[in-house]
Amino acid sequence: SAVISQKPSRDICQRGTSLTIQCQVDSQVTMMFWYRQQPGQSLTLIATANQGSEATYESGFVIDKFPISRPNLTFSTLTVSNMSPEDSSIYLCSVEGLAGANEQFFGPGTRLTVL
Amino acid sequence: GQNIDQPTEMTATEGAIVQINCTYQTSGFNGLFWYQQHAGEAPTFLSYNVLDGLEEKGRFSSFLSRSKGYSYLLLKELQMKDSASYLCAVRAPYSGAGSYQLTFGKGTKLSVIP
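Chain order of the listed sequences is R and B.
Just so we're aligned, residue 1 is where the first sequence starts under this note's numbering, counting upward by one.
Just so we're aligned, residue 1001 is where the second sequence starts under this note's numbering, counting upward by one.
Quick caveat, the hints were computed from the structure, so don't treat them as lab data.
For clarity, every value in this text was computed on a predicted model and none was experimentally measured.
No false leads were slipped in.
Simulated restraints, written as ranges between beta carbons of each label pair:
1) R:GLY40 x B:PRO1093: 26 to 34 Å
2) R:GLN28 x B:LYS1076: 35 to 43 Å
3) R:PRO85 x B:GLU1055: 37 to 45 Å
4) R:GLN22 x B:THR1044: 19 to 27 Å
5) B:GLU1077 x R:ASP11: 36 to 44 Å
6) R:GLN14 x B:GLU1056: 47 to 55 Å
7) B:LEU1074 x R:GLY40: 20 to 28 Å
8) R:GLU86 x B:SER1027: 25 to 33 Å
9) R:GLN41 x B:LEU1074: 24 to 32 Å
A virtual CB, placed ideally from N, CA and C, is assigned to each residue, including glycine.
Same shape as in the complex, but just chain R (with noise of 0.2 Å):
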């Protein structure tokens, strides 16, 4: 498995603003992609980060809300734009590609608080 953090751990946030949130792999992965959790549910896809390209984003999220970059094989940041209180919730970086591994290993998220 990879080590993988994330920073903040945690934050409460004014509505209006903005929040990056960094994920930083101690290996080279292939796929790294951005997860949101809200409360009482499950993980839903927020979009692939690609490294050199444009993220890849699923049904329902944008770029102009959630941008992500992803300079390199070890790490990307996604930031949470103009932020409301429906974006409170944990927010997930999750890898893919490690030595021939099928499964996605998360990263202990970041739980995002917006007032």
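Dock chain B against chain R, hints included.
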């Protein structure tokens, strides 16, 4: 589209065996995953099935029937620490856009009681 169903909650006794079912209807299939998630923590990988049959890993086993769109996770010799949510996830075929997408079920909250 993707539709994944699993029971919302289950309760079982310490030392017993519990089976958590998952049924799916998806537009494509490239594997089924089970994850364990303790409250306030990230999901942890448990198992992966892409062919029909049973995969055993210690106290945990996972079964897949692709023709029936059905899987189950079997937990033996239950321990209190097994109290968690168990998430079933289906992976779509390679989309050509750089991803093998995982679609998650809503999760089954398992409570293990003494």
